[in-house]
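Student: Residues per chain are reported as follows:
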Amino acid sequence: MKKNSVASCICVCICMLFITSCEDELPTMANYSAYAFAGLDVNGGSWTPILLTNSDQISVATPAAVTSSEYVAELASLKSTMASLKSDQRRAIEYWTNNPILRWNEITLELIAKYNLIPGPNDDGTYTLPNAAAPEGPPAFPFAHPPYAVRALAYLSVAQFDGLITAWHYKYTFNRPAPYQVDNSINSAYNQNNLPSYPSDGAVLATSARDILTVMFPLEKEYLKGKAEEHLKSLIWAGINVASDIAAGEFIGTEVAKLALDRASKDGMNKAQCPKSVSDSIKAAAFNRFGWQWDNLELPTRPVGLAPLFGKVKLWNVPTVEEVRPGVPPAPGSIEYNASLKELVDIQNHMTEEKRRIANYWQDGLSTYTPPGHWNKIAKDYLLKYKGNPLRAARTFAYLNMAMMDGGISCWDTKYYYHYPRPIQQIPGFKTIAGTPNFPSYTSGHSVFSSSGAEVLAYIFPAEASQVRAWAVEAAESRIYGGIHWRFDAEVGTTQGKNVAKYTIDRAKQDGAN
Amino acid sequence: MRKYLLSAIALLSLGAVAPLTAQTPSDAIMMKQKELCFALIYDHGSWNQYWEGTYLRSNQTVATLTRKMVMPMVAIGIMDQLNLFVGMPFVKTESSEPNGGRFQGVQGFQDLNIAVKYEMLKKQLGKGKLAVLATGGYATPITNYLSDYRPYSIGNGTNELSVRGISEYKLDKGPYARVAVAYLFRGQTKAERDYYYNNGSYYTPWMDVPDAWEINGVAGIWMLDNSLKVEVNYYGLKSTSGDDVRPYNAPQPTNKVQFDQVGFLGQYYVKKVKGLGVLAYYNQVVNGRNWGKFSSFGVGGTYQFKI
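Going down the list, the protein sequences come from chains S and U.
Mapping of the first sequence onto the numbering used here: position 192 corresponds to residue 192, and the numbering continues sequentially without gaps.
So the mapping is simple: the numbering used here equals the position in the second sequence, first residue as 1, plus 1000.
Bear in mind the hints are in silico, worked out from the structure with no lab data behind them.
Honestly, I wouldn't trust all of these hints.
As the list claims (entries may be wrong) - The calculated label-pair distances, taken between Cβ atoms and stated as ranges, are:
id, chain 1, residue 1, chain 2, residue 2, range
1, S, 219, U, 1217, 55 to 63 angstroms
2, U, 1044, S, 429, 20 to 28 angstroms
3, S, 429, U, 1079, 50 to 58 angstroms
4, S, 300, U, 1092, 27 to 35 angstroms
5, S, 287, U, 1098, 17 to 25 angstroms
6, S, 126, U, 1215, 38 to 46 angstroms
7, S, 134, U, 1097, 31 to 39 angstroms
8, S, 86, U, 1078, 52 to 60 angstroms
9, U, 1098, S, 94, 48 to 56 angstroms
Claimed, not checked - To list a few chain U residues with every Cβ distance to chain S over 10 angstroms, as calculated:
id, residue
10, 1104
11, 1146
12, 1207
13, 1221
14, 1232
15, 1246
16, 1250
17, 1282
C-beta atoms are modelled at their ideal positions from N, C-alpha and C, and glycine is treated no differently.
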């Protein structure tokens, strides 16, 4: 009897070991290390920036020569710091890598997911909206829904792109070599290359990200300050920049962030979540024009849809929102409408595992990084695959996020112009596997975000064109499988995204990077 | 020795269904070698309030959530001191009408639950008998249900290994008291998305389902010549880690689920039909975290015979 107990005890222990050993550490960030860049883009300083009129609009002083006493002192300080690195400093070097724009993008996506929570009702059935003037809430500011998310990403990416074009311009104007090229006893943590070190590109990224994200996510001010400080220090710990390289980069980052934030303060976003009176008149206008209107069916009813005037926010590359607005959707009762209705009912009544998987894979709903975030994640994967340098990475994110923000603006214009009802409003008893959002149906936001993003990625990574376009179509279809969009919402939205992206791609074709 | 039914219910609840059934997790009764028992229990649970973290709230997106379960089960006496249990619950969830979410409910077979119970000690002690037992259980999903669809998901969608110690003291006159403590080793469940937020970003479809402690206390009495048993019970589940449900957001499998539940149960062995037993119970969750304030009742029948 005693023997048996011992035996069963051992058996249980072995089983436990088996179960726990299967539990690998789950990834919380992209698993990559510093890598050799596919190219350095020596002419990057001549590319056309987005917000700046040219690459020397922000002026940076001529650096001290590497033979100067100032530089010698900076180099000595760098060497002594590098000689006594602690484990947390080494971890910071490993974390930031030599393409830290990817880390700042991840930080942004995480903040989006953290703040992507829709405010719930108060006890009396009213709703309180997040308020930028009192960000603590509740509810906390912001509600990082897809339009908010794509806008934050666009300003961050555009500022970083312009900042790095400026940095490249001065790098190849002054040609100050990296510390490890001045003193070959310095063993830098990252792959050595011939990229001039002044001004520091890492410092441009750290300061511009800190300043822009602090405005977009004001409650994260201290967190972002800490992240930027660590990043800036890691540039010395890694042996790639001396203090004056960093100071010049910080200056560029700060200045370019100011420009971006100035545009953001005037782009109309602060009026996007309009009062109920305006929202009601938009709805009435659509009803008078078309004979239908979208209604929110939540309990308690939300008085205003999400960001009715986001369609009026300033576009990046499309001259007017009207020129990319699709035509009128099929009227309820029409042949095309009836076919779409039947399809929706059939799908929900015969849900397959594959359709369910697609609906969930692309859902990117509340408490996630949203569809624009998903496409940033895809861009990050390709930048790593093709070993892009920070400037190429900044360019990719800038065009990607400008196109998706323009896509979002165009989509929201369409949504509130046509004010088309959702399937749950039209089909009695209809139930869905995805949450129905608080805005009109036509066209699908996922479809426009995804196809506009996919078109930019197809342009930048031509070998991936068929893959990203197939994903965009799948993302659009996923909303039909989720039960929250008509087929024409998805299909017209996909075309709309392509049309919108064309303006951004035309701009990219002329920026001098090809 | 046909009064072992609770152990069968208990062992069913060893699996991922545990927080769902919150049944009496185990008892001290053993079936003799070559005895076989079939059981069928219907469980009906519902809530219209849940704990978001530790904040008890209602949510008209869900309105009232109902969870119905049918639990078929078989128990086998391998040896006098070693019993085997196998169960396979069918679960159905849905929201009441009207609700603001219009979400589809879910139904399907959940997990295969297998458990063995071993009687380590049974002896006369004063005016009663002391029993010490240990159980080991394993549960694994048998259908491709989606765990990442709370509150409608029908289970945790992961493998679970459990170890439990049970101790009971029963007076010869009928009253008894029992304590059981279990640790549930839970694996990871696979979502259908490759990014989620759990106090930070996770770039993977795999979610850690927290391990949990399970505590069970029972006081009861046998009456009517050992044909009727009534008892009151406490059941507690305490996840050892995990995040809180985010404000006005859906729960997810990574949540730190905790709750305390009290209930009573009656079980009657029909004298006219040898081997037949019936039972009924009622449970109420009284305190919790990231879990519904369930009220549930169950009815069931058992039939036992010798092979």
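Student: Compare the structure with each hint and give your call.
Tutor: Hints, verified against the model:
Here the CB-CB span from residue 219 (chain S) to residue 1217 (chain U) is close to 44 angstroms, at odds with the stated 55 to 63 angstroms. Roughly 23 angstroms separates the CB atoms of residue 1044 (chain U) and residue 429 (chain S), a value that falls within the hinted 20 to 28 angstroms. Hint check: residue 429 (chain S) to residue 1079 (chain U), Cβ distance near 54 angstroms, so the stated range 50 to 58 angstroms holds. Distance hint for residue 300 (chain S) and residue 1092 (chain U): a CB-CB separation of about 28 angstroms, consistent with the stated range 27 to 35 angstroms.
For residue 287 (chain S) paired with residue 1098 (chain U), a C-beta distance near 24 angstroms keeps the hint of 17 to 25 angstroms intact. As the Cβ distance of residue 126 (chain S) to residue 1215 (chain U) is approximately 42 angstroms, the hint placing it in 38 to 46 angstroms holds. For residue 134 (chain S) and residue 1097 (chain U), the hinted distance range of 31 to 39 angstroms is satisfied, since their beta carbons lie about 38 angstroms from each other. Distance hint check: the CB atoms of residue 86 (chain S) and residue 1078 (chain U) are about 59 angstroms apart, consistent with the given range 52 to 60 angstroms.
One distance hint, 48 to 56 angstroms for the beta-carbon pair residue 1098 (chain U) and residue 94 (chain S), holds here, with the actual separation near 54 angstroms. In this structure residue 1104 (chain U) is not separated from chain S by more than 10 angstroms, as the shortest Cβ-Cβ distance comes to only about 4 angstroms. With a closest Cβ-Cβ approach of about 7 angstroms to chain S, residue 1146 (chain U) is found to fall inside the 10 angstroms limit, against its non-interface label. The beta carbon of residue 1207 (chain U) is not kept farther than 10 angstroms from every beta carbon of chain S, the shortest such distance being approximately 8 angstroms.
The non-interface label for residue 1221 (chain U) is consistent with chain S: the shortest C-beta to C-beta separation is roughly 30 angstroms, beyond 10 angstroms. At the 10 angstroms boundary, the C-beta of residue 1232 (chain U) stays outside the reach of chain S, the nearest C-beta of that chain being 31 angstroms off. A beta-carbon of chain S is positioned within 10 angstroms of the beta-carbon of residue 1246 (chain U); the least distance is around 6 angstroms. Remark: the non-interface label on residue 1250 (chain U) conflicts with the geometry, its nearest Cβ contact in chain S lying 8 angstroms away (cut-off 10 angstroms).
Residue 1282 (chain U), annotated as away from the interface, keeps every beta carbon of chain S farther than 10 angstroms; the closest lies near 30 angstroms.
Checked against the numbered hints above, the structure violates hints 1, 10, 11, 12, 15, 16; every other hint is satisfied.
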